[in-house]
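Produce the entire structure from the sequences given, and follow the hints as far as they go.
Number of protein chains: 2
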Amino acid sequence: MHKPLLAAVLPLLAALAPSLAAAAPPVALASEPKPLAPLEIVGQAPTADWSAIAPADLLVMDLAPDAAGKLRRVVIQLLPPPFSQGWIGNIRKVAAAHWWDGTSINRVQDNYVVQWGDADGEDAAKAKPLPQGLTVVAQDQYTAKAAPEGWANAQHDAYAAGTGVVLGWPVSYAPGGVAPVHCYGTVGVGRNMPPDTGTGAELYAVIGHAPRQLDRNIAVVGRVIEGIEHLSSLPRGTGDLGFYKTAAERTPIRAIRLGTDVPDLPHYQYLSTESASFARYADARANRRDPFYIRPAGGADICNIPVPVRHAP
Amino acid sequence: MHKPLLAAVLPLLAALAPSLAAAAPPVALASEPKPLAPLEIVGQAPTADWSAIAPADLLVMDLAPDAAGKLRRVVIQLLPPPFSQGWIGNIRKVAAAHWWDGTSINRVQDNYVVQWGDADGEDAAKAKPLPQGLTVVAQDQYTAKAAPEGWANAQHDAYAAGTGVVLGWPVSYAPGGVAPVHCYGTVGVGRNMPPDTGTGAELYAVIGHAPRQLDRNIAVVGRVIEGIEHLSSLPRGTGDLGFYKTAAERTPIRAIRLGTDVPDLPHYQYLSTESASFARYADARANRRDPFYIRPAGGADICNIPVPVRHAP
Numbered sequence: 025m026h027k028p029l030l031a032a033v034l035p036l037l038a039a040l041a042p043s044l045a046a047a048a049p050p051v052a053l054a055s056e057p058k059p060l061a062p063l064e065i066v067g068q069a070p071t072a073d074w075s076a077i078a079p080a081d082l083l084v085m086d087l088a089p090d091a092a093g094k095l096r097r098v099v100i101q102l103l104p105p106p107f108s109q110g111w112i113g114n115i116r117k118v119a120a121a122h123w124w125d126g127t128s129i130n131r132v133q134d135n136y137v138v139q140w141g142d143a144d145g146e147d148a149a150k151a152k153p154l155p156q157g158l159t160v161v162a163q164d165q166y167t168a169k170a171a172p173e174g175w176a177n178a179q180h181d182a183y184a185a186g187t188g189v190v191l192g193w194p195v196s197y198a199p200g201g202v203a204p205v206h207c208y209g210t211v212g213v214g215r216n217m218p219p220d221t222g223t224g225a226e227l228y229a230v231i232g233h234a235p236r237q238l239d240r241n242i243a244v245v246g247r248v249i250e251g252i253e254h255l256s257s258l259p260r261g262t263g264d265l266g267f268y269k270t271a272a273e274r275t276p277i278r279a280i281r282l283g284t285d286v287p288d289l290p291h292y293q294y295l296s297t298e299s300a301s302f303a304r305y306a307d308a309r310a311n312r313r314d315p316f317y318i319r320p321a322g323g324a325d326i327c328n329i330p331v332p333v334r335h336a337p
Numbered sequence: 025m026h027k028p029l030l031a032a033v034l035p036l037l038a039a040l041a042p043s044l045a046a047a048a049p050p051v052a053l054a055s056e057p058k059p060l061a062p063l064e065i066v067g068q069a070p071t072a073d074w075s076a077i078a079p080a081d082l083l084v085m086d087l088a089p090d091a092a093g094k095l096r097r098v099v100i101q102l103l104p105p106p107f108s109q110g111w112i113g114n115i116r117k118v119a120a121a122h123w124w125d126g127t128s129i130n131r132v133q134d135n136y137v138v139q140w141g142d143a144d145g146e147d148a149a150k151a152k153p154l155p156q157g158l159t160v161v162a163q164d165q166y167t168a169k170a171a172p173e174g175w176a177n178a179q180h181d182a183y184a185a186g187t188g189v190v191l192g193w194p195v196s197y198a199p200g201g202v203a204p205v206h207c208y209g210t211v212g213v214g215r216n217m218p219p220d221t222g223t224g225a226e227l228y229a230v231i232g233h234a235p236r237q238l239d240r241n242i243a244v245v246g247r248v249i250e251g252i253e254h255l256s257s258l259p260r261g262t263g264d265l266g267f268y269k270t271a272a273e274r275t276p277i278r279a280i281r282l283g284t285d286v287p288d289l290p291h292y293q294y295l296s297t298e299s300a301s302f303a304r305y306a307d308a309r310a311n312r313r314d315p316f317y318i319r320p321a322g323g324a325d326i327c328n329i330p331v332p333v334r335h336a337p
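Listed in order, the protein sequences are those of chains W and Y. Per the numbering used here, the very first residue in the first sequence carries number 25; after that it's consecutive. Per the numbering used here, the very first residue in the second sequence carries number 25; after that it's consecutive.
Careful: at least some of the hints might be erroneous.
Simulated pairs of lysine to aspartate or glutamate, DMTMM-like, Cα-Cα distance not exceeding 25 Å [stated by the list, open to error]:
#	chain 1	residue 1	chain 2	residue 2
1	Y	Lys94	W	Asp144
2	Y	Lys117	Y	Asp90
3	W	Lys269	Y	Asp285
4	Y	Lys269	Y	Asp86
5	Y	Lys58	Y	Asp314
6	W	Lys58	Y	Asp285
7	Y	Lys94	Y	Asp220
8	Y	Lys117	Y	Asp285
9	Y	Lys94	W	Glu273
10	W	Lys94	W	Glu64
11	Y	Lys269	W	Glu253
12	W	Lys117	W	Asp144
13	W	Lys94	Y	Glu253
14	Y	Lys117	Y	Asp81
15	W	Lys94	Y	Glu64
16	W	Lys94	W	Glu253
17	Y	Lys152	Y	Asp220
18	W	Lys117	W	Asp81
19	W	Lys150	W	Glu253
20	W	Lys269	W	Glu250
21	Y	Lys269	W	Glu64
22	W	Lys150	W	Asp264
23	W	Lys269	Y	Glu64
24	W	Lys269	Y	Asp90
25	W	Lys94	Y	Asp81
26	Y	Lys152	Y	Glu273
27	W	Lys169	W	Asp81
28	Y	Lys58	W	Glu64
29	Y	Lys269	W	Glu250
30	Y	Lys94	W	Glu253
31	W	Lys269	Y	Glu253
32	W	Lys94	Y	Glu273
33	Y	Lys58	W	Asp264
34	W	Lys58	Y	Asp264
35	Y	Lys269	W	Glu273
36	Y	Lys94	W	Asp90
37	Y	Lys94	W	Asp134
38	W	Lys94	Y	Asp90
It is worth saying that the hints were derived from the structure and are not from the lab. From a predicted model like this one, the values you see are computed outputs, not experimental measurements.
This is how it looks when you write it as structure tokens:
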């Protein structure tokens with residue numbers, strides 16, 4: 025359900041302030057035999073609280089096998105509308121054209137990003153021609169015009185007026201609009217200096233502490249839901265900004281396909297952020313009461329409440 | 025200069041709210057020819073703004089060479105007083121006894137921690153005997169009784185009343201005391217269920233988004249200042265919680281020594297958090313005005329303002 029942004033969201037945020045604890049009444053927790061860890065709550069979530077991720081919304085990247093010959097597959101969920109729609113269309117075209125096949129991972133900057141695409145993309149004489157029909161996306165699509173209702177909190181966020189999870193996605197609220205945020209695993213579109221917004225053929229994934237300064241400055245288009253370790257454990261780049269100095273250091277990309285073009289893909293689901301299970305999970309992330317902890321924090325930043333994803337049982 | 029915690033810190037925080045921008049007056053920035061990126065500010069910091077890190081406060085870990093035969097050295101700065109003193113004494117004794125030599129990295133959990141020590145430590149029959157004279161540290165040392173003045177902000181932090189950088193260290197302020205926080209690269213003490221607080225012989229380093237839920241629940245004892253990529257790029261663990269299932273997967277530790285016992289170590293310095301350069305750097309991290317950015321965030325969380333460290337020129 026879409027509503028005008030500020031009118032709908034800010035009262036909701038205000039109502040939930042000042043503590044995440046408000047999202048899950050203590051009485052529900054008091055009835056439990058012992059406090060559950062966040063993943064125990066996820067494990068007990070009923071089937072109805074899980075939402076399917078359509079194969080058409082997946083991007084499947086197969087890297088060249090590792091030194092031991094093991095396959096390395098990275099599965100990316102594309103951002104749903106109403107966020108970042110322009111780039112998503114381009115990405116579907118690039119994947120359908122098999123354009124990424126034979127390109128490579130060109131940059132691995134520690135505590136920041138892994139980046140892939142055409143290593144010669146900046147060299148007009150050698151760059152691989154892009155598929156026909158890509159759209160030039162405007163900067164105003166870094167934010168959405170409206171946001172559906174979802175789990176939200178007005179917790180203390182250093183970067184925006186509030187944060188929430190809408191349609192399974194972490195977002196921030198600000199007068200300029202709602203925008204998906206950069207967390208560990210977030211996938212975005214490499215670009216040159218503004219006003220360039222990037223085509224979507226050059227992508228990056230976050231492999232460190234949330235670089236939230238990028239929010240609203242660059243396009244978020246998805247998140248890694250499986251196989252991020254194949255990116256985060258790659259050798260770090262040897263040159264400036266974590267780019268590899270030599271071609272031999274790059275990891276080849278065998279193929280990137282839309283999920284609909286990949287046989288035998290598992291059925292993925294995310295824990296619906298409109299469900300009671302998600303509210304309990306988010307509360308438990310912010311207030312760890314499981315036995316290892318002695319002092320629950322009373323809060324958690326939006327990137328420390330990752331949306332659970334699983335293979336459908 | 026030490027003061028009672030709450031009386032000293034909370035007015036300071038209140039004075040700096042609501043925006044980091046208050047820490048560096050706009051007029052100072054308006055006189056610049058173009059807005060500088062954070063690392064440009066660091067590069068221009070005068071010599072007087074850098075503080076030496078004593079070799080006695082360094083822990084130097086040499087891993088077995090990688091597959092290509094390259095050395096892998098990780099340098100850790102130990103936490104200064106008044107934070108976590110009990111464990112630091114134990115760590116000095118464990119290093120002096122060469123106890124870690126021949127142990128291994130046993131756990132690499134993606135977006136969480138790398139952990140090292142005696143892989144058989146949980147097996148009383150096989151555990152390597154600890155050095156004599158280790159102290160049992162009390163839980164109340166997770167927080168400090170007092171904190172010197174430093175750069176601070178009352179920015180929106182989800183986990184505590186406020187955050188700051190004191191003696192070059194990111195900390196959080198709460199009624200229970202000031203405590204070092206868990207950021208990317210933070211080193212802490214593995215422990216069993218409370219009230220166990222760990223000895224310091226089993227250590228971990230954060231390799232993902234800041235797990236701030238650990239603050240005040242486990243001992244922070246340092247941070248990696250060089251070579252974190254040798255930890256963060258290790259193959260992820262194959263078993264529960266990222267522990268390796270087999271001994272062959274573990275990375276051997278050749279030696280861990282105090283900096284005073286390592287010849288030819290570089291001289292390390294950190295950007296003094298009491299300096300004008302640090303205030304400008306922190307402001308620029310929170311308000312990116314360099315040409316790549318179109319919308320400065322107006323804030324940054326404490327773990328997104330890492331303290332710059334360099335080799336002395």
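A quick look at each hint next to the structure:
{"no.": "1", "hint": "Y:Lys94 - W:Asp144", "result": "29 Å, violated"}
{"no.": "2", "hint": "Y:Lys117 - Y:Asp90", "result": "28 Å, violated"}
{"no.": "3", "hint": "W:Lys269 - Y:Asp285", "result": "34 Å, violated"}
{"no.": "4", "hint": "Y:Lys269 - Y:Asp86", "result": "23 Å, holds"}
{"no.": "5", "hint": "Y:Lys58 - Y:Asp314", "result": "8 Å, holds"}
{"no.": "6", "hint": "W:Lys58 - Y:Asp285", "result": "48 Å, violated"}
{"no.": "7", "hint": "Y:Lys94 - Y:Asp220", "result": "38 Å, violated"}
{"no.": "8", "hint": "Y:Lys117 - Y:Asp285", "result": "13 Å, holds"}
{"no.": "9", "hint": "Y:Lys94 - W:Glu273", "result": "15 Å, holds"}
{"no.": "10", "hint": "W:Lys94 - W:Glu64", "result": "31 Å, violated"}
{"no.": "11", "hint": "Y:Lys269 - W:Glu253", "result": "17 Å, holds"}
{"no.": "12", "hint": "W:Lys117 - W:Asp144", "result": "20 Å, holds"}
{"no.": "13", "hint": "W:Lys94 - Y:Glu253", "result": "22 Å, holds"}
{"no.": "14", "hint": "Y:Lys117 - Y:Asp81", "result": "13 Å, holds"}
{"no.": "15", "hint": "W:Lys94 - Y:Glu64", "result": "42 Å, violated"}
{"no.": "16", "hint": "W:Lys94 - W:Glu253", "result": "13 Å, holds"}
{"no.": "17", "hint": "Y:Lys152 - Y:Asp220", "result": "19 Å, holds"}
{"no.": "18", "hint": "W:Lys117 - W:Asp81", "result": "13 Å, holds"}
{"no.": "19", "hint": "W:Lys150 - W:Glu253", "result": "31 Å, violated"}
{"no.": "20", "hint": "W:Lys269 - W:Glu250", "result": "28 Å, violated"}
{"no.": "21", "hint": "Y:Lys269 - W:Glu64", "result": "23 Å, holds"}
{"no.": "22", "hint": "W:Lys150 - W:Asp264", "result": "21 Å, holds"}
{"no.": "23", "hint": "W:Lys269 - Y:Glu64", "result": "23 Å, holds"}
{"no.": "24", "hint": "W:Lys269 - Y:Asp90", "result": "19 Å, holds"}
{"no.": "25", "hint": "W:Lys94 - Y:Asp81", "result": "41 Å, violated"}
{"no.": "26", "hint": "Y:Lys152 - Y:Glu273", "result": "20 Å, holds"}
{"no.": "27", "hint": "W:Lys169 - W:Asp81", "result": "21 Å, holds"}
{"no.": "28", "hint": "Y:Lys58 - W:Glu64", "result": "52 Å, violated"}
{"no.": "29", "hint": "Y:Lys269 - W:Glu250", "result": "21 Å, holds"}
{"no.": "30", "hint": "Y:Lys94 - W:Glu253", "result": "22 Å, holds"}
{"no.": "31", "hint": "W:Lys269 - Y:Glu253", "result": "17 Å, holds"}
{"no.": "32", "hint": "W:Lys94 - Y:Glu273", "result": "15 Å, holds"}
{"no.": "33", "hint": "Y:Lys58 - W:Asp264", "result": "22 Å, holds"}
{"no.": "34", "hint": "W:Lys58 - Y:Asp264", "result": "22 Å, holds"}
{"no.": "35", "hint": "Y:Lys269 - W:Glu273", "result": "29 Å, violated"}
{"no.": "36", "hint": "Y:Lys94 - W:Asp90", "result": "19 Å, holds"}
{"no.": "37", "hint": "Y:Lys94 - W:Asp134", "result": "18 Å, holds"}
{"no.": "38", "hint": "W:Lys94 - Y:Asp90", "result": "19 Å, holds"}
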